[in-house]
Amino acid sequence: MRRVVGLETRLKVSLLPGPELTIQADGDQLEQLLINLVRNAVDAALETGGGVRVGWTKAAAHLEVWVEDEGPGLSNTANLFVPFFTTKPGGSGIGLVFCRQIAEAHGGFLTLENRQQGRGCEARLRLPLASR
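Sequential numbering from 266 applies to the sequence shown in this note's numbering.
The set of hints was computed from the structure by calculation and includes no laboratory data. Ideal Cβ placement from N, Cα and C applies to all residues, glycine included. It is possible that part of the hints are untrue.
[Stated by the list, open to error] Between beta-carbon pairs, the in silico distance windows are:
{"hint": "1", "residue 1": "L311", "residue 2": "E378", "range": "15 to 23 Å"}
{"hint": "2", "residue 1": "K323", "residue 2": "T352", "range": "30 to 38 Å"}
{"hint": "3", "residue 1": "R275", "residue 2": "I359", "range": "19 to 27 Å"}
{"hint": "4", "residue 1": "A370", "residue 2": "G314", "range": "29 to 37 Å"}
{"hint": "5", "residue 1": "T351", "residue 2": "E378", "range": "17 to 25 Å"}
{"hint": "6", "residue 1": "V362", "residue 2": "G271", "range": "19 to 27 Å"}
{"hint": "7", "residue 1": "T351", "residue 2": "Q294", "range": "18 to 26 Å"}
Make the full structure from the sequences, and use the hints.
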């Protein structure tokens, strides 16, 4: 997580402390998923001068990662995971589709919704923990 957060240079992203956890996964794919979520959050936060926070926790037998921004929020959630649909100038419309495919390939899921407390969006990634 620290590496992904450290790659973002346009805005300081707050990394909240979380427990040390182990998952069985393709590290490169998960890193790409997280990079995309953080970049999207920073893009949104830059529109409003808000911030971005990233954190994780253990929820039952799962790792739950969240990326929270203080951007304008989601105006239309119906098309979030539709290939080639984008609201960003110059966007391709495949980033979130790709992220969801990676999450599902690892037995998890990805959700995006407007934050209940304050403005902005929250992306949540849930993945199974490795059995010991």
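For each hint, the structure was consulted:
no.: 1; hint: L311 <-> E378: 15 to 23 Å; in the structure: holds, 20 Å
no.: 2; hint: K323 <-> T352: 30 to 38 Å; in the structure: holds, 34 Å
no.: 3; hint: R275 <-> I359: 19 to 27 Å; in the structure: holds, 21 Å
no.: 4; hint: A370 <-> G314: 29 to 37 Å; in the structure: holds, 36 Å
no.: 5; hint: T351 <-> E378: 17 to 25 Å; in the structure: holds, 18 Å
no.: 6; hint: V362 <-> G271: 19 to 27 Å; in the structure: holds, 26 Å
no.: 7; hint: T351 <-> Q294: 18 to 26 Å; in the structure: holds, 22 Å
No hint from the list above goes unmet by this structure.
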